[in-house]
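S.K.: Please put together the full structure from these sequences, using the hints given.
Number of protein chains: 2
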Amino acid sequence: MGLVGIELGGTKCIVVRGDAAGIAERVVFATLTPEQTLGAALDQIALWHAEAPVAAIGIASFGPVRVNRQAADYGTILNTPKPGWSGAEVLAMVRERFACPVALDTDVNAAALAEHAHGAGQGCANLVYLTIGTGLGGGVLVEGRPVHGSMHPEIGHVRLRRAAGDVFAGVCPFHGDCIEGLIAGPALIARLPVAPVELGPDAPEWDPVGHDLAELLAQLMLTLSPQRIIIGGGVANRQPHLLARARKIVPKLLAGYLEPADAAYFEALICPPALGDDAGPMGALCLAAQALADAQGRP
Amino acid sequence: MGLVGIELGGTKCIVVRGDAAGIAERVVFATLTPEQTLGAALDQIALWHAEAPVAAIGIASFGPVRVNRQAADYGTILNTPKPGWSGAEVLAMVRERFACPVALDTDVNAAALAEHAHGAGQGCANLVYLTIGTGLGGGVLVEGRPVHGSMHPEIGHVRLRRAAGDVFAGVCPFHGDCIEGLIAGPALIARLPVAPVELGPDAPEWDPVGHDLAELLAQLMLTLSPQRIIIGGGVANRQPHLLARARKIVPKLLAGYLEPADAAYFEALICPPALGDDAGPMGALCLAAQALADAQGRP
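Respectively, the protein sequence lines represent chains A and B. For the first sequence, counting from 1, position 25 maps to 25 in the working numbering; every step adds exactly one. For the second sequence, counting from 1, position 54 maps to 54 in the working numbering; every step adds exactly one.
Check before you lean on any hint, since a few could be wrong.
Stated by the list, open to error - Pairs of lysine-lysine, BS3-like flavour, derived with a Cα cap of 25 Å:
#1 82(A) with 12(A)
#2 82(A) with 82(B)
#3 252(A) with 82(B)
As the list claims (entries may be wrong) - From the derived model, a few chain A residues whose C-beta atoms are all more than 12 Å from chain B:
#4 47
#5 72
#6 100
#7 173
#8 201
#9 204
#10 255
#11 256
#12 295
Unchecked claim - Covered stretches of chain A, as calculated for chain B (at least 3 residues, CB under 8 Å):
#13 139 to 147
#14 217 to 230
#15 240 to 250
Source of the hints: derived by calculation from the structure; they are not laboratory data. These numbers come from a predicted model, not from an experiment. Ideal Cβ positions, reconstructed from N, Cα and C, are used throughout, including at glycine.
M.R.: See the structure below:
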């Protein structure tokens, strides 16, 4: 079908071609300036386009980014600490080179779409996709569609109840101990006595980390009532015991309030991704497929 | 058009007839047992039906209640402390008496629908409706439709960051100091030195209450990115200074993270309802109108 996906990340940009079912080929570029990075990506897409026409392009971008399709600045990066990227007109730069339908959403909303279509979120039209790595981000689907609203969710920066006695100040430059400042990679380096990979899964130093993750999950359950919460990213992938810890703590935090939910319920609700690091680029292909369908008037 | 709405509340049940534009007539019953309360409501609807055929019925119910239309127990009250109501098959009891289309959602989701259609949420397809009264509840619209998911949001029971130095234990029987346990009516009676109505709006004892509300609003903004947050209910109506306090504190909690938002932005974002206590029954009429449209295959 000739779809192209661009996952625009903070350190690298992955460009793939394929169809709604998956990735056929990928090329990776370092994320430098918008002109350098998107220039290289668009040159690659032009090469593919010369071989076989590109029908649509989807972009899964780091945020904050304007995702409202009706906005004049749809597809523009908003105020970001990343040098050179504030105000970068990502969608417009792609449209300037290619006349096909183009759509853009956040990287985490795109990953949520991919996990819903092909991965751990199949059958769950209301789901949350969390990534815990260098930062913490969350994508939200309601009835199978990404939640936008005023901007888009910024779940990484919610302030949650701290564990009793935990005085770690957090490392978020904006908020200190918001959830990203407590459990993303840089926070773990700051709060753990040794490097995270050197700390055994049973070490008690993981207790407050598991607690903080559980507070986030309980809060998401009470606010969004998701059918699934998929947790990926480098930290979650390397520390699978964190999901197990959170699954045990969440029911205690809810204190029996939500409908009877046993261990099997939480085991199914809170799970790792099925697509691994491919969720982002596959999500970009999902966005391309949807852009094509929209252009053709299909649902 | 002959629509009927039932707002089933914890202490009273309001039955209205009207059309999608508003309420023409209302009758109020005390909430006793399901048989007594719904029996009286259905007898009233039968009287109206004899005068002019009822085309559809919408029910805005207290929760927790099954709102998933595909579920076998759609419209059944789930586990509740309210005597006699756990397992009450509200929707089925209405359908037993009337053959017309019937739909049910939570009281707060219905109120959100009404404020979106006729009130303070016009033009805001992604919004949150909060009611702070005897309890604290929240309805959520995404793209104009109520959020359901696994069950439905239970925003009243989120656990938030406490204000520094505030040691009030909260009064929620499940969670102690969840947000309902901190700022709903019974919590105010427990935590304030005098009755809430006797405490002047500038009293410093309101400070932690305003803080707790602000924490909730910041959390909702980061998780749902709503275009509007409408706050009604007895406590909010009688203490309008709480909204003003929260509007000042929320930007400090966000610490400049969300896109540039000045005082005017927060003034528009956080607002009282336009429909007052009619949001619930008007929401029930919105549900009836949607049930009729669904039955006729209209969008």
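S.K.: The structure should be examined with respect to each hint, and the outcome stated for every one.
M.R.: Hints, verified against the model:
| no. | hint | result |
| --- | --- | --- |
| 1 | 82(A) with 12(A) | holds (13 Å) |
| 2 | 82(A) with 82(B) | violated (53 Å) |
| 3 | 252(A) with 82(B) | holds (23 Å) |
| 4 | 47 | holds (36 Å) |
| 5 | 72 | holds (14 Å) |
| 6 | 100 | holds (26 Å) |
| 7 | 173 | violated (9 Å) |
| 8 | 201 | holds (26 Å) |
| 9 | 204 | holds (23 Å) |
| 10 | 255 | violated (5 Å) |
| 11 | 256 | violated (7 Å) |
| 12 | 295 | holds (20 Å) |
| 13 | 139 to 147 | holds (count 5) |
| 14 | 217 to 230 | holds (count 10) |
| 15 | 240 to 250 | violated (count 0) |
Of the numbered hints listed earlier, those contradicted by the structure are 2, 7, 10, 11, 15.
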